[in-house]
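Put together the whole structure using the sequences plus the hints.
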Amino acid sequence: MDRFLSSAVNRIDAKGRVSVPAHFRAVLQKKGFAELYALRALDIPALDVGGLDLLDRYEARIEQEDPFLRTADDMSFFCHGDGAFLKIDREGRIMVSEFMREHTGIDTDVAFVGRGHFFQIWQPERLKAYGAEVRARLVKLRQSAVRGRSSEDRE
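Numbering follows our numbering, with no gaps: position 38 of the sequence shown is 38.
Worth flagging that the hints you see were computed from the coordinates, not collected in a lab. These numbers come from a predicted model, not from an experiment. Don't be surprised by glycine CBs; every beta carbon is placed ideally from N, CA and C. One or more hints might be untrue.
[Stated by the list, open to error] Calculated pairs, DSS-like style, for lysine-lysine (alpha carbon to alpha carbon, straight line, at most 30 Å):
hint, residue 1, residue 2
1, LYS31, LYS128
2, LYS128, LYS140
3, LYS87, LYS15
4, LYS15, LYS31
5, LYS87, LYS30
6, LYS30, LYS15
7, LYS140, LYS87
8, LYS87, LYS128
9, LYS128, LYS15
[Unchecked claim] The following label-pair restraints were derived from C-beta to C-beta distances:
hint, residue 1, residue 2, range
10, ASP89, VAL9, 11 to 21 Å
11, ALA84, HIS117, 15 to 25 Å
12, GLN64, ALA14, 37 to 47 Å
13, ARG17, ASP66, 38 to 48 Å
14, HIS80, ARG17, 37 to 47 Å
15, ARG142, LYS15, 22 to 32 Å
16, ALA8, THR71, 34 to 44 Å
17, GLN29, ARG61, 19 to 29 Å
Structure representation (structure tokens):
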């Protein structure tokens with residue numbers, strides 16, 4: 001398995017650490033990532049987390065922009081200045097820092113959710129609410145597509 005799939009919720013310990021789910025650690029090990037890079041998601045209270053390949057993807061996108069325009073500068077600020085490295089200890093735990101808590105609202109538990117080539121860190125109740133929003137949008141999209149196909153069938 002080379003993708004981050006599924007989700008899990010783990011409790012923060014007394015020292016402020018949380019265990020990265022075992023199946024996520026297996027992906028990290030397979031990819032050879034010794035540390036993680038975390039970025040604050042732009043429009044949701046979550047962190048996007050991955051190896052340096054996550055940072056590489058953002059940098060490749062920045063290179064496509066005109067360096068004299070604000071877009072390239074904004075993107076550089078986002079991925080270079082508003083991110084943080086997360087160290088994984090030998091037991092597969094990361095420190096839950098103020099950087100993480102401030103953006104996500106995490107307090108006692110951390111939700112991890114796979115997003116394919118990266119994963120996200122959430123406050124569990126916020127993830128639950130976001131999941132409901134996502135499902136509602138997808139149901140609406142599906143219903144719209146079905147209505148569109150039905151009208152084509154009548155023609």
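Inset, instruction - Check each numbered hint from earlier against the structure, then list the numbers of those it violates in ascending order. - result: 7, 14 and 15
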